[in-house]
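Engineer: Residue numbers (this note's numbering), protein chains in the order written: chain A, 69 to 412; chain W, 69 to 412; chain H, 69 to 412; chain X, 69 to 412.
To be clear, the hints were calculated from the coordinates, so they are not data collected in a lab. The C-beta atom is built at its ideal place from N, Cα and C for all residues, glycine as well. Some hints here could point you the wrong way.
A short, non-exhaustive set of chain X residues, derived as facing chain A with CB atoms under 8 Å [what the hints assert, rightly or not]:
{"hint": "1", "residue": "Tyr90"}
{"hint": "2", "residue": "Thr177"}
{"hint": "3", "residue": "Trp178"}
{"hint": "4", "residue": "Glu264"}
{"hint": "5", "residue": "Arg339"}
{"hint": "6", "residue": "Val407"}
Simulated restraints, written as ranges between beta carbons of each label pair [claimed, not checked]:
{"hint": "7", "chain 1": "X", "residue 1": "Lys180", "chain 2": "W", "residue 2": "Leu253", "range": "21 to 27 Å"}
{"hint": "8", "chain 1": "X", "residue 1": "His144", "chain 2": "W", "residue 2": "His103", "range": "32 to 38 Å"}
{"hint": "9", "chain 1": "X", "residue 1": "Glu123", "chain 2": "A", "residue 2": "Lys334", "range": "17 to 23 Å"}
{"hint": "10", "chain 1": "W", "residue 1": "His103", "chain 2": "X", "residue 2": "Asn321", "range": "54 to 60 Å"}
{"hint": "11", "chain 1": "W", "residue 1": "Asn254", "chain 2": "X", "residue 2": "Lys149", "range": "30 to 36 Å"}
{"hint": "12", "chain 1": "X", "residue 1": "Asp401", "chain 2": "W", "residue 2": "Asn91", "range": "58 to 64 Å"}
{"hint": "13", "chain 1": "X", "residue 1": "Lys180", "chain 2": "W", "residue 2": "Thr402", "range": "50 to 56 Å"}
{"hint": "14", "chain 1": "H", "residue 1": "Ser131", "chain 2": "W", "residue 2": "Gly256", "range": "55 to 61 Å"}
{"hint": "15", "chain 1": "A", "residue 1": "Gly342", "chain 2": "W", "residue 2": "Glu187", "range": "41 to 47 Å"}
{"hint": "16", "chain 1": "X", "residue 1": "Asn254", "chain 2": "A", "residue 2": "Pro143", "range": "42 to 48 Å"}
4 protein chains.
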Amino acid sequence: MYKVAILGSTGYVGEELVRLLYNHPSVKLTHLSSHSYQSEPYSKVYPHFKDLVDEVCIEDDLSKIDADILFIALPHGIASKVVTKELLATTKVIDLGADFRITSEAYDTWYKVEHFGKEVLEEAIYGLCEWNREYIQGARLIANPGCYVTCSLLSLIPLIKEGLIDTSTIIIDAKSGVTGAGRGLNIGTHYTECNESIKAYGLTSHRHTPEIEEKLEAFGGKKVTLTFTPHLVPMNRGILTTIYASLKPGVTNHEVNKVYNTYYEKEQFVRLLGDTSIAETRWVKGSNFCDISFKVDERTNRLIIVSALDNMMKGAASQAVQNMNIMLGLEEDTGIHYVPLFPA
Amino acid sequence: MYKVAILGSTGYVGEELVRLLYNHPSVKLTHLSSHSYQSEPYSKVYPHFKDLVDEVCIEDDLSKIDADILFIALPHGIASKVVTKELLATTKVIDLGADFRITSEAYDTWYKVEHFGKEVLEEAIYGLCEWNREYIQGARLIANPGCYVTCSLLSLIPLIKEGLIDTSTIIIDAKSGVTGAGRGLNIGTHYTECNESIKAYGLTSHRHTPEIEEKLEAFGGKKVTLTFTPHLVPMNRGILTTIYASLKPGVTNHEVNKVYNTYYEKEQFVRLLGDTSIAETRWVKGSNFCDISFKVDERTNRLIIVSALDNMMKGAASQAVQNMNIMLGLEEDTGIHYVPLFPA
Amino acid sequence: MYKVAILGSTGYVGEELVRLLYNHPSVKLTHLSSHSYQSEPYSKVYPHFKDLVDEVCIEDDLSKIDADILFIALPHGIASKVVTKELLATTKVIDLGADFRITSEAYDTWYKVEHFGKEVLEEAIYGLCEWNREYIQGARLIANPGCYVTCSLLSLIPLIKEGLIDTSTIIIDAKSGVTGAGRGLNIGTHYTECNESIKAYGLTSHRHTPEIEEKLEAFGGKKVTLTFTPHLVPMNRGILTTIYASLKPGVTNHEVNKVYNTYYEKEQFVRLLGDTSIAETRWVKGSNFCDISFKVDERTNRLIIVSALDNMMKGAASQAVQNMNIMLGLEEDTGIHYVPLFPA
Amino acid sequence: MYKVAILGSTGYVGEELVRLLYNHPSVKLTHLSSHSYQSEPYSKVYPHFKDLVDEVCIEDDLSKIDADILFIALPHGIASKVVTKELLATTKVIDLGADFRITSEAYDTWYKVEHFGKEVLEEAIYGLCEWNREYIQGARLIANPGCYVTCSLLSLIPLIKEGLIDTSTIIIDAKSGVTGAGRGLNIGTHYTECNESIKAYGLTSHRHTPEIEEKLEAFGGKKVTLTFTPHLVPMNRGILTTIYASLKPGVTNHEVNKVYNTYYEKEQFVRLLGDTSIAETRWVKGSNFCDISFKVDERTNRLIIVSALDNMMKGAASQAVQNMNIMLGLEEDTGIHYVPLFPA
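Starting from the given sequences, assemble the full structure and let the hints guide the process.
Structural biologist: Listed below in structure tokens is the structure:
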């Protein structure tokens with residue numbers, strides 16, 4: 069049994085990690101840290117863990133933690149301060165925040181704070197499991213991808229890599245459930261302010277934009293500048309991305325299908341719906357699946373790709389566990405082979 | 069007091085008409101027809117009308133109806149059979165369905181049924197109040213615009229008319245509340261099937277597409293082929309359209325602002341938010357407003373327009389009443405100057 | 069035109085008052101005060117008022133306010149400090165908070181703070197319009213009833229007054245939408261914490277309990293001790309009360325019906341559904357109606373009364389306007405004869 | 069591996085059984101029957117099972133089914149026709165409908181149809197695991213309890229058995245999510261008709277009433293007549309029961325606590341919150357837990373018990389699997405030890 073610690077265990081992502089790791093057969097949760105709920109029993113913070121995880125939350129202090137694997141689920145700007153070469157010498161780290169996902173230049177520009185961990189940043193491996201598996205195996209530090217990003221990258225990389233779409237035409241119109249905004253109190257996520265309404269936010273400036281562009285270049289082999297517009301939807305979980313791009317001349321839906329199959333046919337957690345049914349968030353909730361579907365708009369020669377995942381799972385916690393499984397040489401689906409829960 | 073009849077008064081749009089006309093100072097509801105609830109008191113079908121509208125629903129038979137104004141809120145394919153030259157000789161008609169909105173060719177293609185009322189179709193005036201006011205004044209037959217269409221047209225016509233955007237790049241990503249799907253039972257709108265989930269539907273084939281394209285040409289002066297993708301959002305009311313288009317070289321946000329102001333500054337029911345705040349459906353619910361906002365994505369030179377309206381109101385019933393007011397020479401906002409209801 | 073000021077205009081109740089009074093034909097809004105949003109345009113705080121109420125919010129300072137009528141929509145404990153004999157000499161006051169609703173003894177016990185306005189408290193008239201109309205007419209200070217309380221009192225007073233039920237057996241199981249909790253940020257009303265869940269709260273200790281009991285005695289003529297249990301329901305608006313009480317021997321549903329009719333048949337805003345249909349919150353939303361229905365459980369000889377109102381309207385703002393209308397000698401339904409909005 | 073068949077696998081309860089049994093280590097799903105979706109791949113009916121359960125649904129014909137265990141998830145009135153002594157000779161049956169839960173007399177009265185399976189009815193064992201474990205072990209036919217009933221019985225049996233409450237005063241005010249109404253189309257569960265509203269239904273006549281009363285007598289040892297009022301809440305899953313009863317003279321919260329502890333302290337799936345925190349549906353969703361809390365109302369000497377479970381899980385499918393585990397001599401929590409999913 070590997071010893072696992074979580075920094076930031078009482079945010080929504082931390083709590084989802086606790087749920088998954090509690091039932092994981094190869095690990096044992098040894099330290100749950102929390103800035104806000106230090107010294108409180110975990111099951112008091114989250115009563116659904118009553119009789120399951122009644123341990124007391126400890127402070128966010130790495131010196132108190134002795135673990136084989138450390139998950140970090142903290143706001144950006146903190147992980148880059150606490151992850152050091154010394155820590156990595158003894159502990160495998162999976163960071164679920166933004167600090168190790170992009171170059172320090174992009175980080176400075178989009179996050180508007182200076183990056184503190186440039187030294188270890190070089191060592192970080194991007195944890196998009198389906199595309200980076202071999203590097204993840206030997207990694208000491210994983211940057212777990214953002215929720216919008218995972219859905220966008222899985223949809224776009226094959227098409228860019230195989231040159232099916234005009235990369236100057238990509239528009240990602242994304243929709244997210246409210247858990248994506250976290251547990252911090254905010255007028256925008258007060259029940260009566262977001263219930264029964266939909267809005268766009270972060271237009272032209274959302275921080276997942278540079279992450280998507282950098283990784284499309286890294287995995288797809290082409291520099292891309294795109295438009296990304298997220299929306300807040302009155303539901304707890306789920307991300308849907310509706311992606312638009314012009315097809316290269318002569319490309320048909322047959323080829324799109326073929327390319328997706330080439331890359332994902334053997335992937336357990338990417339499900340291809342082709343162009344006969346359309347992805348919806350309800351079919352992936354509570355699971356590690358990313359469902360991908362598409363349609364060719366023959367009147368405009370545009371490709372429309374609709375993909376869905378659970379932002380708390382494949383978009384955060386269960387992909388982090390998938391990364392851990394790869395790092396530890398376990399079966400990749402250990403502890404995360406949940407069937408989606410429906411209706412939920 | 070004008071006598072008003074409603075064909076199809078027990079669908080959601082019909083019911084919203086009843087609500088608005090019940091409180092309208094210049095009209096009197098004299099006939100409420102219903103195919104499904106014939107002979108039942110209206111307030112039994114819709115208990116919120118108890119003590120207010122207890123009249124019995126009559127059958128859908130025009131020969132039983134004697135009215136100055138007739139609203140038709142029926143599924144497509146019916147209005148075109150019942151509206152005749154004879155009827156128009158005595159009664160002003162406002163049709164809230166699709167039968168008189170587009171050319172019979174487009175109708176045949178997209179609705180996949182033959183159009184029966186080609187003769188009267190020529191006489192139909194498109195009821196987009198802000199753009200067709202002078203023709204509406206003298207009309208006998210109004211084709212009230214579709215919900216997605218109203219939001220899209222009000223957002224796009226000024227920009228196309230003034231040549232600010234590249235019309236080959238227009239993409240409309242639209243999001244609607246579930247009332248848009250009507251009151252008919254359907255597995256897709258069963259509570260537990262659409263609650264807590266978002267989906268795209270009608271990809272590349274939604275029937276509002278030709279209506280948007282035809283009217284952009286009619287009012288904007290340019291032939292347009294575009295991509296339109298509607299989504300179903302777990303909320304009762306509201307439409308949000310997120311529209312993408314490439315700006316013509318050199319066009320700035322200043323010019324976009326100026327053009328919108330030129331056309332809408334004096335319009336009571338179009339509210340311009342500029343590029344400093346973003347439209348949300350919650351701010352227009354229960355009202356006849358269409359809120360328009362935008363943002364220039366400088367990295368890609370794209371314009372992103374975000375607009376919102378209440379699909380039951382400006383997208384259907386209150387715009388129909390606005391049309392009636394214009395036809396009758398009343399103050400245009402009579403009976404429809406509701407402040408949005410929030411939180412609702 | 070009467071000049072109207074609102075203290076606390078940016079809470080949900082204040083905002084609903086602004087909406088109603090903006091469209092009220094006999095008043096003019098002259099001062100909107102706000103502690104949190106002082107100096108901000110009202111339509112920036114609540115964008116649904118854009119182009120309608122763009123005035124700047126002023127500070128909560130009575131000396132700056134010159135008005136014929138003053139509405140106070142502030143947290144408890146504040147109104148009792150600002151309402152003085154001097155103020156009442158020149159201004160009619162309608163307080164929507166708790167400070168003038170109950171005796172100072174009950175206030176001290178249940179609210180756990182000392183009551184500061186004992187002197188003016190004596191002068192306060194309880195604003196349950198249907199039961200206290202004649203005193204409201206001449207009042208200078210109105211205590212507008214609580215939301216749960218209005219629904220409970222309208223349901224119970226006739227039965228107690230006529231001796232139909234055993235008053236020692238009354239249990240009120242109430243359910244409220246989340247607007248009832250106000251706009252203040254709180255983990256319990258964070259979207260993802262209350263969406264898709266129902267909970268009871270304030271068991272045996274909710275502050276509306278003494279208000280219900282006192283007023284049942286005042287209007288029903290009998291001292292009552294009862295159990296009141298509120299629940300939070302994942303919806304924006306609406307209160308449903310399910311009330312249980314044992315019938316006195318021999319009382320039938322016929323008599324219950326008769327008693328309700330005796331008291332409410334001529335009341336415009338109380339709608340009696342009898343025992344053939346059951347009240348639901350959706351049928352009263354956005355209106356000043358209170359719908360009352362009941363059923364006799366013959367197996368247990370219990371009466372079950374199910375009543376519904378909109379907590380923001382008859383439960384707060386529109387009842388306050390109804391009180392104002394009575395005080396000013398206007399038609400009682402002026403500015404509040406809205407048909408419920410459905411689906412909303 | 070035991071072979072398992074499900075009759076009625078495409079209703080919500082059937083589908084939840086498929087989810088649980090798909091991941092259950094000791095069984096293999098061999099037959100999924102469906103009246104409505106015969107010959108369709110299961111994952112086409114429920115796309116969340118894509119790549120997991122792609123088998124074709126077969127017709128509802130027992131002669132085609134060869135299984136060790138048969139789950140029946142069909143509307144009432146069907147199971148009693150298909151379950152025979154011959155079937156029971158070879159197959160263990162767990163019925164999730166109402167046919168074998170109550171006496172044929174009560175069935176005839178409350179369900180208003182004649183009971184067809186009186187012969188096998190005698191053999192049916194009531195599957196309330198925590199209270200009937202020893203009979204379940206040897207059973208051939210299990211009547212799995214109703215959702216409201218499980219929550220009510222687990223809350224009340226200990227108190228009645230130990231004589232803490234006056235059984236003539238019991239009132240159960242219950243609230244359910246919409247999955248409880250099933251997948252069949254109905255105006256009452258059309259999204260826009262039940263979203264954002266709460267209603268009571270089945271007043272004095274809900275069919276779970278006799279089941280609760282019969283089993284309270286069977287397990288609690290006292291004949292009880294009570295009032296049961298269910299409500300429909302706008303959420304997918306979950307049941308909350310708020311139960312009222314007068315305490316016998318002298319009974320304190322200490323004793324209530326003690327009695328609950330006596331019976332449930334060792335029960336894995338009943339969690340006691342005592343009188344310090346209150347059960348909410350969000351803390352049990354997706355799990356087999358029933359959470360029980362209470363409060364003594366000292367002013368009225370009433371006990372208020374608030375309990376919560378997931379109607380699809382402990383209220384249906386996971387309790388059925390729990391019953392199967394007991395029958396097969398497996399660890400009782402096999403395949404059902406899910407941590408609740410939150411926020412969901």
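Engineer: Each hint: holds or not?
Structural biologist: Cross-check of the supplied hints:
For Tyr90/X, the interface hint holds, the least distance from its beta-carbon to any beta-carbon of chain A being 6 Å, beneath 8 Å. The closest approach between the C-beta of Thr177/X and any C-beta of chain A is roughly 33 Å, which is over the 8 Å cut-off, so the hint fails. Checking Trp178/X against chain A: minimum C-beta separation of about 28 Å lies over 8 Å; hint violated. Because the closest C-beta pair between Glu264/X and chain A is about 7 Å apart, less than 8 Å, the hint holds.
The interface hint given for Arg339/X is met, as the beta carbon of that residue sits about 5 Å from the closest beta carbon of chain A, less than 8 Å. The criterion of a C-beta within 8 Å of any C-beta in chain A is met by Val407/X, whose closest approach is roughly 5 Å, and the hint holds. Roughly 25 Å separates the CB atoms of Lys180/X and Leu253/W, a value that falls within the hinted 21 to 27 Å. A C-beta distance of roughly 33 Å is found between His144/X and His103/W, which places it inside the suggested range of 32 to 38 Å.
Between Glu123/X and Lys334/A the Cβ separation comes to about 21 Å, which falls inside the hinted range of 17 to 23 Å. In this structure, His103/W and Asn321/X meet the distance hint of 54 to 60 Å, their C-beta atoms being roughly 59 Å apart. Checked against the hint of 30 to 36 Å, the pair Asn254/W and Lys149/X passes, with Cβ atoms roughly 31 Å apart. Range check, Asp401/X to Asn91/W: about 60 Å between beta-carbon atoms, so the 58 to 64 Å window is met.
The given range of 50 to 56 Å is respected by Lys180/X and Thr402/W, whose C-beta atoms sit roughly 53 Å from each other. Checked against the hint of 55 to 61 Å, the C-beta distance between Ser131/H and Gly256/W comes to roughly 59 Å, which is consistent with it. Look at Gly342/A against Glu187/W: about 44 Å separates their beta carbons, and that is inside 41 to 47 Å. At roughly 45 Å, the beta carbons of Asn254/X and Pro143/A sit within the given window of 42 to 48 Å.
When each numbered hint is compared with the structure, violations occur for hints 2, 3.
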